[in-house]
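Protein chains: 2
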Amino acid sequence: MSKPRKVKVVIWGFGAMGSGMAKMILEKEGFVITGVCDLHPNRVNQKLSAVLNQKISTRQDVVIQEHIESLVSKKQADIVLLATDSFTKGAFYKIKWILEQGVNVISTAEEMAYPYANEKELSKELDLIAKKHKATVLGTGINPGMMMDYLVIALTGVMSHVENIEVSRVNSLSPFGETVMEEQGVGKTIEQYNELTKSNQLAGHVGFKESTQMICDAIGWKISHFEQSMSPIITSVDRKSPHGFAKAGDVAGVDMRAFVSVNDEIKLIMKHPQQIEPSLGGVQTGDYITILGTPPVHMAIQPEIDGGIGTIAICVNMIPHVINSRPGLKTMLDLPVPRAIQGDVRDQIERK
Amino acid sequence: MSKPRKVKVVIWGFGAMGSGMAKMILEKEGFVITGVCDLHPNRVNQKLSAVLNQKISTRQDVVIQEHIESLVSKKQADIVLLATDSFTKGAFYKIKWILEQGVNVISTAEEMAYPYANEKELSKELDLIAKKHKATVLGTGINPGMMMDYLVIALTGVMSHVENIEVSRVNSLSPFGETVMEEQGVGKTIEQYNELTKSNQLAGHVGFKESTQMICDAIGWKISHFEQSMSPIITSVDRKSPHGFAKAGDVAGVDMRAFVSVNDEIKLIMKHPQQIEPSLGGVQTGDYITILGTPPVHMAIQPEIDGGIGTIAICVNMIPHVINSRPGLKTMLDLPVPRAIQGDVRDQIERK
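Those protein sequences? They're chains A and B, same order as listed. What the first sequence shows, in my numbering, is residues 748 to 1099, in sequence order. What the second sequence shows, in my numbering, is residues 748 to 1099, in sequence order.
Worth flagging that the hints you see were computed from the coordinates, not collected in a lab. Possibly wrong hints are sitting among the right ones.
All copies of an identical chain are treated as equivalent in the list; a pair is satisfied when it fits inside any one copy or across any two copies.
Capping the alpha-carbon separation at 25 Å, the derived lysine to aspartate or glutamate pairs in DMTMM-like fashion look like this [to be verified]: (1) K878 to E1097; (2) K821 to E1097; (3) K969 to E872; (4) K753 to D1094; (5) K836 to E816; (6) K956 to E866; (7) K822 to D997; (8) K956 to D1091; (9) K881 to D1081; (10) K750 to D1081; (11) K867 to E1097; (12) K821 to D1091; (13) K755 to D1081; (14) K871 to D1094; (15) K871 to E813; (16) K945 to E974.
Just so we're clear, the structure is a prediction, and the values are computed from it rather than from any experiment.
Go ahead and model the full structure; you've got the sequences and the hints to work with.
What follows is the structure in structure tokens.
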């Protein structure tokens, strides 16, 4: 029996995430990259091989386009990996347009990992559009999408009763670039940090609302109160990472927390301190899940799962599940368990 | 809007697992137990309340039946929890008959967690029967089903490349009863142990073939060689558990291992030492998953997830997913992520 045709992928947004996905896809069997769209002047009109600085077969060595219109149709693409936004609002019209072409989408936008949390109306609209055009849209990533939600939910699967949950992701910001340093306040003085937070200019982690709503919807907890906080992590020693520097007394990152009440009792706590060079602060990085109940679960992953590679991997690994899915807006709650693709991706596609 | 009718459950096999599931279901909203079948003379013709020694509403306080025939029909049951066997062959005719009534099944049989591993033909037959009668069958449990396979697979979901995998479940047999003591050789002398293994009378852990095949099929590894071993765990001190006793120099349990090669290279190692009172041997129990690759994953759950409660919980927690599923033989690879049921189970059922 001859192999079915390759899975055609278009990548929209070619920053660290989009280009990482391209590299991963190029290493796998059964995929073909049929188009890339990006706005950055250094990348537009360049060949993929030039931008990635690696050899690429002629068929896949596409020229990066500034405009998406000519790249996406049912004939040209089975799926678009959309790596352009953090918020559902920003990604909405892009996703809508892709779905209207009858093409599936995976979005890296943090809010899209569980868009019902912050954008109920837009979520309903996306679901309707997707169903109308017989396509599927999924938002995913390492966090939200996996470490502070999906994995928690999976572990409750072995429990007869859940009393309360504490999830903690202690990670290093050192691998990240300048944008992230800015967003997380790395290197700011305390005064600068206070100014920036007052004027809402520090993003911190986007995803607590999504992760907590996903967990609570999954296990059947009705949230009565949600609150989150962000505090500066002040370093007592100078810390230097490739793209960041915080001198002693300044901000090395932010400590984010969320508290979720069910019937006015705190049932779910999230802790997510992010900083450059955590070891210099005596901090061991890791992903931790503690669920009290029957039976209790105490999980630790040390060090933490790398956020950059993790997001790239889970987006690519979910491609077969999204293609196989019934149409509509899906979340990680709906689809089968994510898994690495070590063989030919076509073996995972159900023929219709 | 009025609530839809309750989810009707029949339990077939009322040992530790079946009766544990009944207790769990009785604590949840939206379920009703409509029948129980069991052969044990102490339980047949007894009311549920008498056997479980707890108050039960009149509707659910069924009399335990020796024969299943009158208990299972589409009208009486949405699902049967079948907790009678370890092997697919033993469970096959029971599952077949339930499916022929058009009723869904969850089986605790270890082999049924991934029946393709040992019983390809029976699996195909079950799939056909299920589809013909528009019902679904799933096998699951804590192990195989979750700790040494599903969780491993989920963690590979954040990886772009998997180099090799080592999974270890170090658990205590102390909570288990006399049957398990017998099956695992607890209390035997080394001579007795050697005799029993020579004549294939020690079961040890059933599930390595299922777990390893599930992992390899999921990520796309073709197995070139599988082998497993069992060695006695000799205790250097006397160990006593509620149902077992091993004196110094005798067998406190068994250490099971499996080695799986892909292209003649060992890629997947499973270690599962099971013994009574492991702490007396200086052993810390836990579930451990180490996956080398990009990024590497080092996970530890300490102590191990309780095997008894865990199996009971995951079987009950998967009920909505099985009811919602398309017909056929399904595995944990096919269905959405397991999750605890803290609210009304009916909220998880998709209306058709």
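| task | Would you pick out the hints that fail for this structure and give their numbers low to high? | result | 7 and 15
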